[in-house]
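Read off the chains here:
Protein chains: 2
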Amino acid sequence: MKRTAFFISDGTGLTSEALGHSLLAQFDSIEFEQITLPYIDDVEKAREAVQKINQIAEEHGTRPLIFDTVVNEDIRNIIAESNAFKIDVFSSFLKPLENELDAHSNYSVGKSHGIVERTRYKDRIDSVNFAIDNDDGARTRQYANADIILVGVSRCGKTPTCLYMAMQFGIRAANYPLTEEDMEFNRLPEVLEEHKHKLYGLTIDPFQLSAIRHERRPNSRYASLDQCDFEVREVERLFKKLNISTINTTNFSIEEISTRIMAQAGLERRMN
Amino acid sequence: MKRTAFFISDGTGLTSEALGHSLLAQFDSIEFEQITLPYIDDVEKAREAVQKINQIAEEHGTRPLIFDTVVNEDIRNIIAESNAFKIDVFSSFLKPLENELDAHSNYSVGKSHGIVERTRYKDRIDSVNFAIDNDDGARTRQYANADIILVGVSRCGKTPTCLYMAMQFGIRAANYPLTEEDMEFNRLPEVLEEHKHKLYGLTIDPFQLSAIRHERRPNSRYASLDQCDFEVREVERLFKKLNISTINTTNFSIEEISTRIMAQAGLERRMN
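Chains as they are written, first to last, in numbering that gives the first Met the number 0: chain U, 0 to 271; chain W, 0 to 271.
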């Protein structure tokens, strides 16, 4: 069975998508075609959206689902007229929240609070730049300013994790790849010694590591299962010896890796 | 007035945060302290969370707010016993969805569908690597494989936008900084010529650009308002002459810049 789900928003659509995904994930047996309609911020666009939704309803012979995070009531009312099953965040939750907070909502789109937003933007850019500047044991090693330094073998997921933590939470995350040499001597590179308390180890299933490396350098020694197996075993031994917290990235998404590390390392989100 | 808001999840907490932020943003007059409690995935952790919440309730003399995206009913029931005002996503929406879909929900955390998740992970990593490899007009110029190529002056927001599009949507985004030389000749660098249809222009308020550049290179000619003013004016002229779509990044978040570009360029999300 196949159903179509629309994520409709007067902003980016990200909240609607996040909510929709987490609810749809509860229905494994059904295949969902997912369509995001962002920036539906006037009556005209709402009418166009309704047309599109009704057309799909007719073509498929089933009602589409709508996950709606539109703030403006007029627009929401138009969308409500479509031939669809609607999950409406603001209708469901805003009134009870108004009662609880004893305050009226702004009914305004987004969170553009001027200065707050500018500060947030700057924090994120700074954190993203920090991650890039301190990626892969780069020459720029501002480890004194790092919130966390991820260590692990090449291609175990350090870079995307650092970038995600920077982008989503404003965390200053550096990363350093441990090499065969480090493993041979069974010790940390000198540059990391004094930052030991900031280190967090990433590990990974050798089979998966090998598959990832084969894409980068097909049929190389670097990508061979033997080599991957050796590196992972040695790096795990080193983490254990030095009492460095670790996470096995094999079965986790980047979001999960990032938030689990932050929870375990006690890192607070720097941005809300 | 200050209230505390808890975002509680048995997973990453990201959906709960997204939902909570969009609702709380409707109440400008109230200051919210925001606390995320991710991975509340057993009864024991739920009890600890309730203790924490009740303690805050007592200290502050007001009920905290809870935005709850916990899937497991037993855990949710424990959280419901806390002295807080609760917005409960699964209680509110899952039953109606079950009826509409005529299917039972899995009541399972996350979306770890094995192979689907692995493919998704790989797509994201590939896209992030693509963004890094093709950042800032780097030597690797796989522009034939790019979904989009962002162009603009140095420090106008190209890099974080590319990385966000890669991370969130699996988009292959390259970027290329336009230099004074390009502006002098009032034409595109040769390497971009054949990819003109993939170009998207970023522009920015010269005052803000100057402020951002001053952080990077204080009191340089590069950061001077004169220089920023000149570059922005020239680059906008070039975009107009070549009929390149543009967005002014000054007042937008990275999410907004990314999703607006995608909507306008007709780029489909590659990942759901």
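Incorrect hints may appear among the rest.
Since the list gives no way to pick out one identical chain from another, each pair is judged satisfied if it fits inside one copy or across any two copies.
Here are the computed lysine-lysine pairs in the DSS-like style, where the Cα-Cα straight-line distance is at most 27 angstroms [what the hints assert, rightly or not]:
hint, residue 1, residue 2
1, K121, K1
2, K44, K94
3, K197, K239
4, K195, K44
5, K195, K239
6, K240, K195
7, K197, K240
8, K197, K44
9, K1, K94
10, K1, K239
11, K1, K51
Bear in mind the hints are in silico, worked out from the structure with no lab data behind them.
| message | As a check of your reading, is K1 near K239 (CA-CA no more than 27 angstroms) within one copy, between copies, both or neither? | response | neither (48 angstroms within a copy, 44 angstroms between copies)
| said: Within, between, both or neither: how does the pair K197, K44 come out at a Cα-Cα threshold of 27 angstroms? | reply: between (49 angstroms within a copy, 26 angstroms between copies)
| Same-copy or cross-copy closeness of K195 to K44 [CA-CA at most 27 angstroms] | neither (54 angstroms within a copy, 29 angstroms between copies)
| task | Go through the copies and call it for K195 and K239: within, between, both or neither, with a Cα cutoff of 27 angstroms. | result | For K195 and K239, only the intra-copy Cα distance (13 angstroms) is at most 27 angstroms; the inter-copy one is 52 angstroms.
| request: With 27 angstroms as the alpha-carbon cut-off, assign the pair K121 and K1 to within, between, both or neither. | output: between (43 angstroms within a copy, 25 angstroms between copies)
| Within, between, both or neither: K240, K195 at alpha-carbon 27 angstroms | within (12 angstroms within a copy, 54 angstroms between copies)
| said: Reference check for the pair K1 and K94, CA-CA at most 27 angstroms: within, between, both, or neither? | reply: between (34 angstroms within a copy, 19 angstroms between copies)
| task | Using 27 angstroms as the alpha carbon limit, work out where K1 and K51 are close: within a copy, between copies, both or neither. | result | within (17 angstroms within a copy, 43 angstroms between copies)
| message | As a check of your reading, is K197 near K239 (CA-CA no more than 27 angstroms) within one copy, between copies, both or neither? | response | within (15 angstroms within a copy, 48 angstroms between copies)
| request: If the cutoff is 27 angstroms on CA atoms, where do K44 and K94 land: within, between, both or neither? Let me know, please. | output: This pair counts as within: shortest intra-copy Cα distance 25 angstroms, inter-copy 30 angstroms.
| field | 27 angstroms Cα threshold - placement of K240 relative to K197 | value | Within one copy only: 16 angstroms inside a chain, 51 angstroms across chains, cut-off 27 angstroms.
Violated hints for the displayed structure, listed by number in ascending order: 4, 10.
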